[in-house]
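With the sequences and hints as input, model every part of the structure.
Chains as they are written, first to last, in my numbering: chain A, 1 to 423; chain B, 1 to 253.
Derived by calculation from the structure, the hints in this document are not laboratory data. Yeah, the Cβ is synthetic: ideal placement off N, Cα and C, and Gly gets one too. There could be a bad hint or two in this list.
Here's a subset of chain B near chain A, in silico, CB distances under 8 Å, partners left out [claimed, not checked]:
(1) S53
(2) A105
(3) S115
(4) F212
Quick look at which bits of chain A chain B covers, simulated, 3 or more residues with Cβ under 8 Å [said to hold, decoys possible]:
(5) 53 to 59
(6) 370 to 381
Restraint ranges, calculated between C-beta atoms of paired labels, are given here [unchecked claim]:
(7) A:G330 - B:E128: 53 to 59 Å
(8) A:A327 - B:A186: 41 to 47 Å
(9) A:G150 - B:S115: 39 to 45 Å
(10) B:T97 - A:R15: 43 to 49 Å
(11) A:A327 - B:T19: 31 to 37 Å
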Amino acid sequence: MNGAVLRFKPLNVGRYVTWGLFALVLVLAPVAFPQGFAITMMSQMGIWIIFALSYNMLLGQTGLLSFGHAVYSGLGAYFSIHVLNMIGAGAFAFPVTLLPLLGGLFGLLFGVLFGYVTTRKSGVAFAMISLGLGEMVFAASLMFPSFFGGEGGISANRMVGKPFLGITYGPAIQVYYLIAVWTFAAVAAMFALTRTPLGRIANAVRDNPERAEFVGYSTHMVRFLMFALSGFFAGLAGGLSAINYEIVAAESVSAQRSGGVLLAAYIGGVGFFFGPVIGAIVFTFFVVYIAGLTKAWLLYLGLFFMAIVMFAPGGIASIVLMNLNVAKHGLFGRLWKPYGWVAAAGLLAFLGFVAVVEMTYHLSDTGGGTMKLFGLSFEVKSLAPWLAALATLGAGGFLYRLAWNRFRGEWDDIQRIIAEKAP
Amino acid sequence: MSAAPAIELREVFKSFGKTQIIRGVNLAIGRGERHAIIGPNGAGKSTLFNLVSGRFPVSSGTICLNGADITGLKPYQINRRGLSRSFQITNIFHRMTVFENLRCAVLWSLGYRYSFWQAVNGLRDANERAAEVMEGIGLARRRDALAGLLSYAEQRALEIGITIAGGAEVILLDEPTAGMNRSEAAHAVDLIRRVTAGRTLVMVEHDMGVVFDLADRISVLVYGEVIATDAPAAIRANAAVQEAYLGTAANSH
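Right, here's the structure in full:
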């Protein structure tokens with residue numbers, strides 16, 4: 001009896017610590033990064049964390065590859081912004097704080113409506129139908145401008161209703177905390193869902209739908225329920241984005257956004273609950289920060305995605321967990337140096353690559369002239385910078401191969417030691 | 001209590017395209033009976049299982065479970081009425097742990113349906129039942145191992161565990177000892193005998209040792225027809241069976 005209690009305790013403590021830290025990070029992030037730019041980006045990260053996790057309820061947990069998930073966040077956002085406008089016009093009173101919940105309910109509604117039909121299929125057929133449905137809703141958004149606002153979208157003012165305890169949602173920081181609270185609640189709810197009978201059976205349906213049918217479960221019903229609930233959380237994210245940007249346009253139901261959420265979830269790692277959280281943060285960083293630095297950001301994102309798919313199909317989460325496992329066995333000390341070499345060589349190759357890409361972009365944009373890169377100013381049409389860039393890329397690539405082989409040897413050796421230790 | 005058989009097939013036919021696989025099977029299996037279906041390769045044994053468990057629809061005929069017509073029902077509907085089956089090719093939840101596999105197999109039978117408002121770790125009866133089955137199939141020490149990483153014999157045991165975990169009254173086992181060596185097969189037979197005690201068991205099996213050891217009655221299926229159904233001793237003595245199946249099997253051993 002005593003043993004059981006002792007065995008259980010650390011687990012629960014660990015969980016409280018994890019969730020406590022998560023809450024703490026959400027609360028303190030604006031203190032650490034108080035710049036307006038950072039607040040905007042972190043607000044967006046919160047929205048994308050909810051969106052990517054809701055997507056992973058389908059892909060990672062139920063095995064449904066959707067190419068049209070933006071439909072549910074987008075429609076949740078459209079309905080939210082219309083409600084916001086109605087509140088503003090005095091049609092009725094509703095607290096803005098709870099508006100994301102309405103967005104979620106609209107997401108749920110469309111999840112139920114479209115999900116019942118689409119979840120009859122799985123695999124490739126489901127993926128194709130989701131793509132078609134996404135295109136259909138996107139087309140509709142341009143065909144019915146009275147509701148969707150056409151190209152320009154629908155805009156609103158979020159400062160409506162009576163302020164509550166001085167909260168008007170005027171300042172961006174107040175919106176950040178609104179998003180933070182909803183992010184925490186939604187992440188907790190989605191995590192709890194993985195530990196319910198439906199959550200576990202969804203995994204079973206993902207692994208082996210046929211067997212799930214033979215233990216009494218209708219796979220259609222399981223997929224449908226997961227789809228509808230996923231629609232709810234996507235709609236919630238949509239409601240938050242309506243408040244955050246005060247505008248919703250056709251882009252929010254577009255295939256580009258559906259592809260974006262797939263990228264975010266996959267980069268983070270769909271096999272782990274917290275994977276998409278990491279993915280959402282990295283993805284938003286690319287979309288907001290890197291996009292502000294260079295026009296080639298989409299190219300870098302695409303290459304990054306390809307690198308993950310090819311070299312770490314478990315996503316960033318799997319890389320983190322594998323290294324934690326090494327650390328748990330007290331062997332991480334052996335990796336510092338090899339990692340250092342890999343990082344240094346990788347950085348060199350990366351700099352060379354970035355230089356080539358940026359110079360190419362500059363050349364195609366302006367047809368010549370001087371450009372600035374890494375604090376250097378040079379004529380883009382002269383030979384020297386190209387030679388320097390290509391030489392850096394070549395040398396970096398060569399060193400990277402050497403460093404990687406060395407790292408690989410060390411890594412395999414460590415894995416062998418860990419495997420031998422296992423009972 | 002009516003004396004309806006646990007499973008009854010009446011004039012069951014099944015064709016794939018123009019090929020007739022099952023050609024008018026009539027079969028009644030009593031409650032609590034341990035029944036083996038034997039026959040040469042391609043006789044339609046697995047197809048018969050797939051028809052009874054709802055994996056394939058019948059072309060014509062009727063299948064009853066405890067006297068109630070189940071023809072045309074979906075697999076999950078048939079399972080909910082108390083019939084559970086295993087597969088010849090291991091059919092488990094590969095990326096889930098042993099314990100999780102078994103827990104998923106008991107959830108519906110305990111009435112948790114599609115609940116998304118209860119924590120699965122708090123479902124005492126489900127956890128106890130899963131642990132009990134895990135103990136019964138001898139996999140307790142592999143509790144947290146991923147099912148896909150188990151040895152073949154362990155996966156076969158898990159396959160049987162998933163099949164019986166829900167407490168179905170009627171159990172269909174499709175070649176439970178396929179691919180096992182002598183001692184593994186003996187172990188499996190012992191396991192099957194224990195976990196199906198008091199239930200109706202129907203099994204397809206190639207290993208005659210296992211069949212004559214376990215079965216109360218045997219049906220011989222040849223080219224989609226049941227040519228004999230009888231007690232093991234009578235089947236062994238049946239001339240038609242010897243000619244069609246056992247004779248060749250006896251010669252080859």
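Consistency of the hints with the structure:
1. With 8 Å as the threshold, the beta carbon of S53 (chain B) comes within range of chain A, its nearest partner Cβ sitting at about 7 Å, so the hint holds.
2. For the restraint placing A105 (chain B) at the interface with chain A, the shortest Cβ-Cβ distance is roughly 5 Å, inside the 8 Å limit, so the hint holds.
3. For S115 (chain B), the shortest C-beta to C-beta distance to chain A is roughly 5 Å, which falls under 8 Å, so the interface hint holds.
4. With 8 Å as the threshold, the beta carbon of F212 (chain B) stays out of range of chain A, its nearest partner Cβ sitting at about 28 Å, so the hint is violated.
5. Requiring three or more residues with a Cβ within less than 8 Å of a Cβ of chain B, the coverage given for the region 53 to 59 of chain A is violated, as only 0 such residues are present.
6. Residue count for the region 370 to 381 of chain A with a Cβ under 8 Å from a Cβ of chain B: 0. That is fewer than the three needed, and the coverage hint is violated.
7. Checked against the hint of 53 to 59 Å, the C-beta distance between G330 (chain A) and E128 (chain B) comes to roughly 37 Å, which is inconsistent with it.
8. As the Cβ distance of A327 (chain A) to A186 (chain B) is approximately 45 Å, the hint placing it in 41 to 47 Å holds.
9. A C-beta distance of roughly 44 Å is found between G150 (chain A) and S115 (chain B), which places it inside the suggested range of 39 to 45 Å.
10. Range check, T97 (chain B) to R15 (chain A): Cβ separation about 19 Å, and the 43 to 49 Å hint is violated.
11. Between A327 (chain A) and T19 (chain B) the beta carbon distance is about 60 Å. The supplied range of 31 to 37 Å is therefore violated.
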